[in-house]
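Student: Chain by chain, the residues run as shown.
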Amino acid sequence: NAGVTQTPKFQVLKTGQSMTLQCAQDMNHEYMSWYRQDPGMGLRLIHYSVGAGITDQGEVPNGYNVSRSTTEDFPLRLLSAAPSQTSVYFCASSFDGNPRTQYFGPGTRLTVL
Amino acid sequence: KQEVTQIPAALSVPEGENLVLNCSFTDSAIYNLQWFRQDPGKGLTSLLLIQSSQREQTSGRLNASLDKSSGRSTLYIAASQPGDSATYLCAVLLYSGGGADGLTFGKGTHLIIQP
Numbered sequence: 242n243a244g245v246t247q248t249p250k251f252q253v254l255k256t257g258q259s260m261t262l263q264c265a266q267d268m269n270h271e272y273m274s275w276y277r278q279d280p281g282m283g284l285r286l287i288h289y290s291v292g293a294g295i296t297d298q299g300e301v302p303n304g305y306n307v308s309r310s311t312t313e314d315f316p317l318r319l320l321s322a323a324p325s326q327t328s329v330y331f332c333a334s335s336f337d338g339n340p341r342t343q344y345f346g347p348g349t350r351l352t353v354l
Numbered sequence: 704k705q706e707v708t709q710i711p712a713a714l715s716v717p718e719g720e721n722l723v724l725n726c727s728f729t730d731s732a733i734y735n736l737q738w739f740r741q742d743p744g745k746g747l748t749s750l751l752l753i754q755s756s757q758r759e760q761t762s763g764r765l766n767a768s769l770d771k772s773s774g775r776s777t778l779y780i781a782a783s784q785p786g787d788s789a790t791y792l793c794a795v796l797l798y799s800g801g802g803a804d805g806l807t808f809g810k811g812t813h814l815i816i817q818p
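These protein sequence lines map, in sequence, to chains A and B. Under my numbering, read the first sequence as residues 242 to 354, first letter to last. Under my numbering, read the second sequence as residues 704 to 818, first letter to last.
Be aware that one or more of the hints could be misleading.
[To be verified] Capping the alpha-carbon separation at 20 angstroms, the derived lysine to any residue pairs in SDA-like fashion look like this: (1) B/745 / A/253; (2) B/745 / A/329; (3) B/810 / B/729.
If you're looking for bench data, these hints aren't it; they were derived computationally from the structure.
With the hints as extra help, turn the sequences into a complete structure.
Tutor: Take a look at the structure:
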């Protein structure tokens, strides 16, 4: 049972490039979400999904796209990277029922030059 | 909009002391409250989760309490050890009509336990 896995661990992009951050969980969790962590700002919700085919926006969704074609995977796409997207990105998952304990992946550190 | 505040932002104490970390939130319509630990450069490890109907949870030397009506939670660490040094994050899960949304986090308390 690997829990929540994220790839890559580190990534450097140039402004305007696109990329996909991968997130997978093997716990059969319905709920998955993406957060970014910035110094002085804490963790903020980007997008979340309550099941395959269902996604919704969080607090800071601009510049990011998500889709949920399977229960296990929830990729985050940066369409045209900007320096403001330099951050550490965390994926999380939980069952969609009590107690809704959130389990986090190890994170992806992204730098946009 | 839900806001979560953690006090103090940083704390340094000698080994063996008991200590309390504070968390407050503005919207009492929460689903649950979760305390996490984050080590430098690492992900988040869940320590304790308190559901909205509960008053406290305990795990080993950790005890978390919840007073939903006043919008407060505390994390009590007994007999602190150098290995407890980390950043502690408080997060609330807000209940919405269609179910629970994402977590709202505080900015954390950076804890250093001096040997």
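Student: Could you work out which of the previously given hints the structure breaks and list their numbers from low to high?
Tutor: none
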